[in-house]
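Chemist: Protein chains in written order, with my numbering: chain G, 1 to 80; chain H, 1 to 80.
These aren't lab readings, by the way, just hints derived from the structure by calculation.
Pulled from the structure, derived: some chain H residues nowhere near chain G, Cβ distances all over 10 angstroms:
hint : residue
1    : K10
2    : G12
3    : L14
4    : P16
5    : K19
6    : N68
7    : S80
For lysine to aspartate or glutamate, the following EDC-like pairs were computed, each having C-alpha atoms within a straight-line distance of at most 20 angstroms:
hint : chain 1 : residue 1 : chain 2 : residue 2
8    : H       : K40       : G       : E77
9    : G       : K19       : H       : E47
10   : H       : K4        : G       : D35
11   : H       : K4        : G       : E77
12   : G       : K4        : H       : D15
13   : H       : K64       : G       : D31
14   : H       : K10       : G       : E43
15   : G       : K64       : H       : D31
16   : H       : K19       : G       : D45
17   : G       : K4        : H       : E43
18   : G       : K19       : H       : E63
19   : H       : K40       : G       : E72
20   : H       : K2        : G       : E26
21   : G       : K40       : H       : D15
22   : G       : K10       : H       : E43
23   : H       : K4        : G       : E72
24   : G       : K2        : H       : E26
25   : H       : K40       : G       : D45
26   : H       : K2        : G       : D35
27   : H       : K40       : G       : D35
28   : G       : K4        : G       : D56
29   : H       : K40       : G       : E43
30   : G       : K2        : G       : E63
The C-beta atom is built at its ideal place from N, Cα and C for all residues, glycine as well.
There are 2 protein chains.
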Amino acid sequence: MKAKVHVTLKPGVLDPQGKAIAHALEALGFDGVADVRQGKYIEIDLEDGSGGGAEDRVNEMCEKLLANTVIENYRVEIES
Amino acid sequence: MKAKVHVTLKPGVLDPQGKAIAHALEALGFDGVADVRQGKYIEIDLEDGSGGGAEDRVNEMCEKLLANTVIENYRVEIES
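Please model the complete structure; the sequences and the hints are all you need to start from.
Modeler: Set out below in structure tokens:
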């Protein structure tokens, strides 16, 4: 079973990494880039038979470790 | 128009960051985690009227800046 987690900065939180990417794209000649935001993408392989409640468990992992919920949102998808 | 880009390490490339997350999850008492891989998730706001070929342009951004194609794969989705 695989869990896909997206961790993104909350709207309004400054994203210097995203700004750096936007500037670099402009310097490379890519026009029309209004904004860039960078987040994290985490794939977690869960052992089969770890039972139901996988989504709840991954949500708990996000709360405790993967995301800083003061400034970040997270989204969990489970693929069997 | 929004482009969503996932940049992930190619299979077989060592991922120390993912390994660190897996160990930390185990230390926190989460069992049944077989493997963790960490990638990047980048959202690019493209100005409207930047015309067709948005996907091609974002692919080019990935080739030139966003991904290291020696060790990373990328995936582009365009949302209008």
